[in-house]
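A.B. asks: Chain B: place on chain A using the hints.
If you want the building blocks of each chain, they are given just below.
2 protein chains.
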Amino acid sequence: MNETIEGILSHYSVREFTKEALTKSEIELLVKSAQAASTSSFVQAYSIIGVTDTKLRQELSAIAGNQDYVVQTGQFFVFVADLSRHHEIGKARGVETNSLSSMERLLVATVDATLAAQNMAIAAESMGFGICYIGGIRNDLAKVSELLHIPDYATPLFGLTIGHPKANSEPKPRLATALVYHENHFQSKTMDDFKMYDDTIRDYYAARTGGKRVEGWTDQIERGLKHPTRKDLKDFLASKNLGTK
Amino acid sequence: MNETIEGILSHYSVREFTKEALTKSEIELLVKSAQAASTSSFVQAYSIIGVTDTKLRQELSAIAGNQDYVVQTGQFFVFVADLSRHHEIGKARGVETNSLSSMERLLVATVDATLAAQNMAIAAESMGFGICYIGGIRNDLAKVSELLHIPDYATPLFGLTIGHPKANSEPKPRLATALVYHENHFQSKTMDDFKMYDDTIRDYYAARTGGKRVEGWTDQIERGLKHPTRKDLKDFLASKNLGTK
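First to last, the sequence lines map onto chains A and B.
Numbering-wise (full-length UniProt numbering), the first sequence opens with residue 1 and increments by one.
Numbering-wise (full-length UniProt numbering), the second sequence opens with residue 1 and increments by one.
Extracted from the complex, chain A is given alone in its bound form (with noise of 0.2 Å):
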């Protein structure tokens, strides 16, 4: 097993850094790594933004459910679904754009941005950073929007806080791989088949919290489905042009 395959397999999510700010170079290699990920169609239909302002990383944090790591942290980027270059060049060659509010370019345009941002991630946990992803921001987009200035066909989709890690750990446990790969057709799956995971979580959340945390894998989806979230999602993107087609 090579060094790079070894890096991605011991990854874990870190939420506790040092003060320690990443620094130019630093930033520099990682948006260069990123920007080098596959893109559909060469379209490049993402934008990122490194967030260093401590009042912006404080209103941000607010808005992901107050966690501090947004703040302290050696770096904290935004990753943007940006289609408003396509909608500039469109409008300055007076081409049609309508097409950039379909889904096939919502989707497009997420792929590309989660394409960049993975290619980020391993590039910062090899230079012994540790990262988390900050799904938290889509419970306000229209605010985070604002304190950003995203123009219209652009949609942050996810923060990525990169920095220091403050202690080690080790990586949770997936599901089986046959309840997540198949060969050439679907084979749907059963709650039997999630019997063996749910021990799994339930011992690996156990051991971590010294027995105070009881819950399986199915009871956490469970729990997600009873309480759903980020419900204006729909109706942001459409505010922005885009998913509407």
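Think of the hints as simulated: they come from the structure by calculation, not from any bench.
Only a predicted model underlies this, so the values are computations on that prediction, with no experimental measurement involved.
Check the hints yourself; a few may be wrong.
Since copy identity is lost for identical chains, a pair holds within one copy or between any two.
Stated by the list, open to error - Here are the simulated BS3-like pairs of lysine-lysine, each with C-alpha atoms no more than 25 Å apart in a straight line:
| no. | residue 1 | residue 2 |
| --- | --- | --- |
| 1 | 245 | 234 |
| 2 | 231 | 245 |
| 3 | 189 | 24 |
| 4 | 55 | 231 |
| 5 | 212 | 226 |
| 6 | 143 | 55 |
| 7 | 189 | 172 |
| 8 | 32 | 195 |
| 9 | 172 | 55 |
| 10 | 195 | 91 |
| 11 | 189 | 32 |
| 12 | 195 | 226 |
| 13 | 226 | 189 |
| 14 | 226 | 166 |
| 15 | 245 | 226 |
| 16 | 172 | 195 |
| 17 | 212 | 166 |
| 18 | 195 | 212 |
C.D. replies: Quick look at chain B alone, frame taken from chain A:
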């Protein structure tokens, strides 16, 4: 610069592979690498189909616009945004599953699938394989879903072909970092900002085609706007109960 970042920065898409199939243990390592990626609130909302059947590959290749490297490759993977496991759990527990049709859940599943895919891509390249994403399967997702038996609350997103490359190439120049990376606030771009990059891309194509292809990046984007594709994606997703709320 470490080995992992060197690999990330030297990425290029490969479109010609030898006939040699990936071994079972190579595929296992790639899927494990994919699964190690971050996942939103631990929902693991994706599945991966490994397509080994030649007839299936031929049908997928035809849908993607007759891309031979879907058929002759080491392994062809299809990445699926997959909330069907969550639907199964909700059903079994008697919990309302309406929220799985929200735009939030569609984006979460798309992001999860893409994080996993990019882990696999980087792992594959570190092993010496070439890779190419195949967005072309979105030309007819209804047909792809039928071929691969994709259930409700799930949709194929893209393919990823991985194999032994027939030849080496070099990275394609990306947008200048200043056009993609913003500090604290998004800075909108105008056509003037793209001029230098248009020259770079024109030179890149000219050098690779003996002067036959004369096209800047903005010309490519303009062409894409003039010929919108996959207009039925929103309706297809709705037929799978995705992205409607």
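A.B. asks: Indicate, hint by hint, whether the structure satisfies it.
C.D. replies: Going through the hints against the structure:
1. With identical chains, the CA atoms of residue 245 and residue 234 are at most 25 Å apart both within one copy (12 Å) and between copies (7 Å).
2. Proximity of residue 231 and residue 245 under a CA criterion of 25 Å is satisfied in both settings, with 19 Å inside one chain copy and 8 Å between copies.
3. When the C-alpha separation of residue 189 and residue 24 is checked against a cutoff of 25 Å, the pair qualifies only between copies, where the shortest distance is 23 Å, while the shortest distance within a copy is 47 Å.
4. When the C-alpha separation of residue 55 and residue 231 is checked against a cutoff of 25 Å, the pair qualifies neither within a copy, at 27 Å, nor between copies, at 42 Å.
5. When the C-alpha separation of residue 212 and residue 226 is checked against a cutoff of 25 Å, the pair qualifies only within one copy, where the shortest distance is 22 Å, while the shortest distance between copies is 58 Å.
6. Taking the shortest alpha-carbon separations for residue 143 and residue 55, only the intra-copy value of 14 Å comes in at or below 25 Å, while the best inter-copy value is 50 Å.
7. Taking the closest pair of Cα atoms, residue 189 and residue 172 come within 25 Å of each other only inside a single copy of the chain (22 Å); across copies the shortest separation is 41 Å, beyond that limit.
8. Taking CA atoms no more than 25 Å apart as the test, residue 32 paired with residue 195 passes between copies only; the shortest distance there is 20 Å, against 43 Å inside one copy.
9. For the homomeric pair residue 172 and residue 55, neither the shortest alpha-carbon distance inside one copy (33 Å) nor that between copies (38 Å) is at most 25 Å.
10. When the C-alpha separation of residue 195 and residue 91 is checked against a cutoff of 25 Å, the pair qualifies only between copies, where the shortest distance is 16 Å, while the shortest distance within a copy is 55 Å.
11. In this assembly of identical chains, residue 189 and residue 32 lie within 25 Å of each other by CA distance solely across copies; the values are 19 Å between and 40 Å within a copy.
12. For the identical chains of this complex, residue 195 and residue 226 are intra-copy neighbours only, at 21 Å inside a copy versus 51 Å across copies, given an alpha-carbon limit of 25 Å.
13. In this assembly of identical chains, the alpha carbons of residue 226 and residue 189 lie at most 25 Å apart only when taken from the same copy (21 Å versus 42 Å across copies).
14. In this homomeric assembly, residue 226 and residue 166 never come within 25 Å of each other (Cα to Cα): the closest approach is 34 Å inside a single copy and 51 Å across copies.
15. With identical chains, the CA atoms of residue 245 and residue 226 are at most 25 Å apart between copies only, with a shortest distance of 16 Å across copies and 29 Å within one.
16. Only within a single protomer do residue 172 and residue 195 lie at most 25 Å apart by alpha-carbon distance; the minimum there is 17 Å, versus 47 Å between protomers.
17. When the C-alpha separation of residue 212 and residue 166 is checked against a cutoff of 25 Å, the pair qualifies only within one copy, where the shortest distance is 24 Å, while the shortest distance between copies is 55 Å.
18. Only within a single protomer do residue 195 and residue 212 lie at most 25 Å apart by alpha-carbon distance; the minimum there is 20 Å, versus 60 Å between protomers.
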